[in-house]
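Participant: The residues making up each chain are set out below.
Protein chains: 2
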Amino acid sequence: MPKLTRKGAETRSRIVAGAIAEIGEHGVTGMRLEDVVLRTRTSKGQLFHYFPGGRDELLFAVAEAEAARRPDAGGLTTWAAWHTWRDRVVEHYRDRTGRRCVLSDLAAQGERTSPGAQAVIARLIALSQAGLTDGIRHMQATGDIDPGLDADRAAAGLLAGIQGGVAVLTATGSAAHLEAALDLGLTAMRAPAPARARS
Amino acid sequence: MPKLTRKGAETRSRIVAGAIAEIGEHGVTGMRLEDVVLRTRTSKGQLFHYFPGGRDELLFAVAEAEAARRPDAGGLTTWAAWHTWRDRVVEHYRDRTGRRCVLSDLAAQGERTSPGAQAVIARLIALSQAGLTDGIRHMQATGDIDPGLDADRAAAGLLAGIQGGVAVLTATGSAAHLEAALDLGLTAMRAPAPARARS
DNA sequence: GAAAAAATAGACCCGCCAGTCCAGAACTTG
DNA sequence: CAAGTTCTGGACTGGCGGGTCTATTTTTTC
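Residue numbers (numbering that gives the first Met the number 0), protein chains in the order written: chain A, 0 to 198; chain B, 0 to 198.
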């Protein structure tokens, strides 16, 4: 792995940005390296210079960059914060022709990806989820949420809802499912007793 | 479109079954027509004979067949029914090396697919959702669920959770998110007031 | 300012796989 | 059984796009 000069680093991030844009327009499957190269006025040589692992490595870089850009799930310490967060998530994906959740796409891609890829995906999921879990725990400490609720589990359910909602959104163009999932999750969090089902 | 003889119809459905199996093992993206042909001891000629639209047409046939096979969401008129349904959904996807949700995959595929494909996907979603909505309405009539809850919305949220949960499951192998999403949804349905957020 | 390292360029290769084509076998029908 | 229709087989193609290779230019470093 060669050292990166300032110029190199800039080119590298330009490529990532271009890839994000391409994915936004054509989806993960539809993204072609050639187009990324064209759009960023770089070359195949550069792309493979900065991402020796090729397509997959670029994809992971994209996923990481996107995860960082996702509406911040920090400071979810009041119901008001949760609701503005909800609105921002919806807004983040809706209306944007071309804003897509790379994580969703990657996840749905399934096992096609290499074994190491699964680890990366799992890490991204955990990352996205951590902020939610923290928020729930905090609200439990302040008594706003029933302490009987399993914070990790609730956060996981919320995340699943987002993933599915975004998938439906990209497939059909309607954000209704995303909103519904979010609201359903928030309603559950407000409920007094989790009423643990079984298993 | 030529007429189908009994033999022809049988071959056709054999191909669909083979495609489902292949998708189960390798995902939608990983399914190759060649493998389907090999597995079903048919030939490219037959495949394109029965599915002139090629890959896409086959995929839609698969999605329709799978939708019919999904755990029946009928008769969800008691909490007990809901919970066994929950368990069956989880069981349906977990542990099965190779049971995958074609709908999830297709949905996540996004706009790559043709415009007509979106209509098919939307229809499949509505189909999967209808049983849930009916169940909720019924429970509202019997007073088991707060009538203030928007049945359609709740069903949509539930479905989104399933989609996302299955996506995470196929990506990481863990059914935790699927279970969590389902439980979160059921908890919300049990809650007294929907506490309609806004927007 | 010379050697080393990194950045850039783009032509080329090659495997993959959806889709084509045509020849022939097996039904169906009158 | 003969003509028409449907079914079957599998070789072949076409292009798409990921990945390789090497040559040239620019930047760093001493």
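Treat the hints with caution; some may be incorrect.
Examples of chain A residues lying across from chain B (beta carbon under 8 Å, computed) [stated by the list, open to error]:
1. L37
2. A121
3. R122
4. L126
5. A150
6. A187
One-sided excerpt, in silico: chain B residues whose CB lies under 7 Å from chain A [claimed, not checked]:
7. L37
8. A79
9. A80
10. A121
11. A125
12. A129
13. A155
14. G156
15. Q162
16. A166
17. T171
18. A174
19. A175
20. G184
21. T186
22. A190
Hints were generated in silico from the structure; no laboratory data involved.
These numbers come from a predicted model, not from an experiment.
For glycine and all other residues, C-beta sits at the position ideal for the given N, C-alpha and C.
Participant: Can you verify the interface hint for L126 of chain A: is its Cβ closer than 8 Å to any Cβ in chain B?
Facilitator: violated (13 Å)
Participant: Closer than 7 Å between Cβ atoms is the bar; does A174 of chain B clear it against chain A? Give me holds or violated.
Facilitator: violated (10 Å)
Participant: Is the shortest C-beta separation between A150 of chain A and chain B less than 8 Å?
Facilitator: violated (11 Å)
Participant: Mind checking the CB of R122 of chain A against every CB in chain B and telling me if the closest is under 8 Å?
Facilitator: violated (10 Å)
Participant: Hint validation: L37 of chain B versus chain A, beta carbon distance must be below 7 Å. Holds or violated?
Facilitator: Violated, because the Cβ-Cβ distance from L37 of chain B to chain A comes to roughly 19 Å (cut-off 7 Å).
Participant: Quick one, is the A129 of chain B hint okay against chain A at 7 Å, beta carbons?
Facilitator: violated (14 Å)
Participant: Holds or violated: is there a CB of chain A closer than 7 Å to the CB of A121 of chain B?
Facilitator: This interface hint holds because 5 Å falls under the 7 Å limit.
Participant: When the nearest CB of chain A is found for T186 of chain B, is that gap smaller than 7 Å?
Facilitator: Because about 4 Å separates T186 of chain B from the closest Cβ in chain A, which is inside the 7 Å limit, the hint holds.
Participant: Classify the hint on T171 of chain B as holds or violated, based on whether any CB of chain A lies nearer than 7 Å to its CB.
Facilitator: holds (5 Å)
Participant: Using Cβ atoms only, decide whether A190 of chain B comes closer than 7 Å to chain A, and label the hint accordingly.
Facilitator: holds (4 Å)
Participant: Hint validation: L37 of chain A versus chain B, beta carbon distance must be below 8 Å. Holds or violated?
Facilitator: Result: violated, 19 Å to nearest chain B Cβ.
Participant: Does A175 of chain B hold up as a contact with chain A if the rule is Cβ-Cβ below 7 Å?
Facilitator: The hint holds - A175 of chain B has a Cβ within 7 Å of chain A, the shortest such distance being about 6 Å.
Hint check: violations occur at hints 1, 3, 4, 5, 7, 8, 9, 11, 12, 18; the rest are consistent with the structure.
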